[in-house]
Amino acid sequence: MRPRRLVRYAKRVVLYLVALAFTAFAVFPFYWMLLTAFKANRDLYVGGTVLTHVPWIFNAPPTLEHIELLFRQTLYLTWVRNTIWIGLVVVAITLVLAVPAGYALARLTGRWGERLGIGVFLTYLVPPTLLFLPFSRMIAWLGLQNSQWALVLVYPTFTVPFCTWLMMGFFRSIPRDIEEQAMIDGYSRFTVIRKVVLPLGISGVLTATIFAFTLVLQDFVYALTFISAVPRMTVSLGVPVALVRGDVFYWGSLMAACLITSIPIAVVYNLFIDRFIQGLTAGAVKG
Amino acid sequence: MRPRWRAHPVLCLRAERVSAMETGFVEIRNLHKHFGEVRAVDGVDLSIKEGELLVLLGPSGCGKTTLMRMIAGLEVPTAGQILIGGEEVDEDVPPRARGVAMVFQSYALYPHKTAYDNIAFPLQAAGMAPAAIRGRVQGAAKRFSIGHLLGRRPRQLSGGERQRVALSRAVVRDPKVFLFDEPLSNLDAQLRAIARYELKELQRELGTTTVYVTHDQVEAMGLGDRIAVMNQGKVRQVGTPQHVYDHPADTFVATFLGSPPMNLLEQDAHTILGFRPESFVPRQDIPAGTDAAVFQFKVRQVEYLGADRLIYGAVDTPHRAGQTVIADLPVTITTPVAEGRAYEFAVPRRALRHFDAATGLARDRGAA
Chain H
1 MRPRRLVRYA KRVVLYLVAL AFTAFAVFPF YWMLLTAFKA NRDLYVGGTV
51 LTHVPWIFNA PPTLEHIELL FRQTLYLTWV RNTIWIGLVV VAITLVLAVP
101 AGYALARLTG RWGERLGIGV FLTYLVPPTL LFLPFSRMIA WLGLQNSQWA
151 LVLVYPTFTV PFCTWLMMGF FRSIPRDIEE QAMIDGYSRF TVIRKVVLPL
201 GISGVLTATI FAFTLVLQDF VYALTFISAV PRMTVSLGVP VALVRGDVFY
251 WGSLMAACLI TSIPIAVVYN LFIDRFIQGL TAGAVKG
Chain C
1 MRPRWRAHPV LCLRAERVSA METGFVEIRN LHKHFGEVRA VDGVDLSIKE
51 GELLVLLGPS GCGKTTLMRM IAGLEVPTAG QILIGGEEVD EDVPPRARGV
101 AMVFQSYALY PHKTAYDNIA FPLQAAGMAP AAIRGRVQGA AKRFSIGHLL
151 GRRPRQLSGG ERQRVALSRA VVRDPKVFLF DEPLSNLDAQ LRAIARYELK
201 ELQRELGTTT VYVTHDQVEA MGLGDRIAVM NQGKVRQVGT PQHVYDHPAD
251 TFVATFLGSP PMNLLEQDAH TILGFRPESF VPRQDIPAGT DAAVFQFKVR
301 QVEYLGADRL IYGAVDTPHR AGQTVIADLP VTITTPVAEG RAYEFAVPRR
351 ALRHFDAATG LARDRGAA
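So the protein lines, in turn, are chains H and C.
Here the first sequence stands for residues 1 to 287, where the numbers follow the numbering used here.
Here the second sequence stands for residues 1 to 368, where the numbers follow the numbering used here.
Simulated from the structure, these hints should not be mistaken for lab results.
Please note that a few of the clues may not be correct.
Label-pair distances were calculated between CB atoms; the ranges are [unchecked claim]:
id : chain 1 : residue 1 : chain 2 : residue 2 : range
1  : H       : Phe-25    : C       : Gly-151   : 30 to 38 Å
2  : C       : Ala-129   : H       : Phe-220   : 56 to 64 Å
3  : C       : Gly-127   : H       : Leu-88    : 31 to 39 Å
4  : H       : Gly-169   : C       : Met-128   : 55 to 63 Å
5  : H       : Arg-194   : C       : Val-76    : 46 to 54 Å
Which residues of chain C face chain H? A partial, calculated answer using Cβ under 8 Å [stated by the list, open to error]:
id : residue
6  : Met-102
7  : Pro-111
8  : Ala-125
9  : Ala-126
10 : Met-128
11 : Ala-129
12 : Ala-193
13 : Tyr-312
Yeah, the Cβ is synthetic: ideal placement off N, Cα and C, and Gly gets one too.
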């Protein structure tokens, strides 16, 4: 009795230690951003030779000067606005294409569905660092250089395959029985999709929305390729362009920009996704 | 269908009328469903009478569920015809237009809807007024005593409660045909017996034509007005439970029905002899003067099951020695039987069945 209890206790401890390690790993970048964003320059730029200096705490009182620089002397808010509208348009395009495509691949095409699904996903794996070359030719041909519409056009090339794949998985997890039941209960397939499949797949749609938006937020290569006017830039391009001047890095402001941009995303991921993914379908089938 | 009547000059006219009336409410004609090389349903003819409960019984993979799904319109037949209420339902008639209600093995409740909305869903499809829907749903819920559960979602319900919600949803819109796909198999054994009883009572009360798929012979025997035994995509036999049990059309049906199954003995090169374990009793327990076949039964093992004894052993025929046979003695037969000894056991001749050794088909068919 005793040793078994001890083993269980030890297992608990190990489990929590591992969880703690991962948490620290995940939280550390945020902590570093926070620290750097509010550190005075004299606290920030201390040579490694000063052994008494502890880098991961405030040695001097925190300051708002980096935040002020970010908001007063750069177009940060404009870039945020650009990112949001481009992101929303891309999300809309993505959902319109990926939700029906995911459903079709999950349900209608049988054996070919799988192969097509894999094919779709493979296109996602081709990196932007290769694709930007042909894309820049096409964008030039369309006359969209230095236009945000270039991004609206290009971003779906990776959000759509990714989200199609994602939606396919979500739709597969909805038992076929339930759809068939609805068709017997008097509905056409389209109505079944509207009244049964989408409500059950809503967690998938939300996940796809968030992922598509995040992918847009992350992109650097395409934005760099197609946008040269500073007021038209997105956050991920504007911030490094404005805050890395030659070999001068405005670390405090850079970190402040990163922190402000990533916090909403992190919150959404942690709160919403969890809640939506939890078994909406649980209890539908069997006990 | 009725050659004897047809041959009769006076009854001829009447025979026409009767046969028209007796055309099934659900007619299945030479139905095929092939998945590539696999013939899931391989030429099924079946006539399901109005108001009857027909059980499709067979081992898993025998095509019974595929057959039911074709009736529902969820699968398109490779060939053949289905008629419901005299009207052909082909692939242009989608499931929603067939007037069938189905209860899936999984119950297929809508997880995002409350029990009330689950039951109301088919009525909403029919465009019924909300007030009328309310009355119907509450009526159905009352019938299955789930009135107090209507606000809950499926995941908050027990297995038995889910099953009742699924049944309510099937009943609520007065379908032409009920299709049940093993609706009891997810219930535990105790609940299942009650649910079976209730289901049969319900079907009798509503008088709705019902097709019931199961692999459980006890369920089939207990529920079915008639049983269609299927194997490898074909219907082997259709008949009342008693007829199918007493006069199996072939050796498959003989061994699929009954627990333990019918004993089969190779009598000679052409004939297989069949008899039920409960017909195989010590010779002295057969009333004197009964015409019976007698065997020397070498007993290997005896199982006491409370209500009866199962006796495993072997008999010899001139054709082959040591053929395994099981006897099922009810508790009323008290003749002592010991392991390792041989006894004279006998089968009344009227309980003997003869099958063709090559085809497995019964020789003495008929006697309906």
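Check each numbered hint against the structure and report the violated ones by number, ascending. Structure breaks hints 1, 4, 5, 10, 11, 12 and 13.
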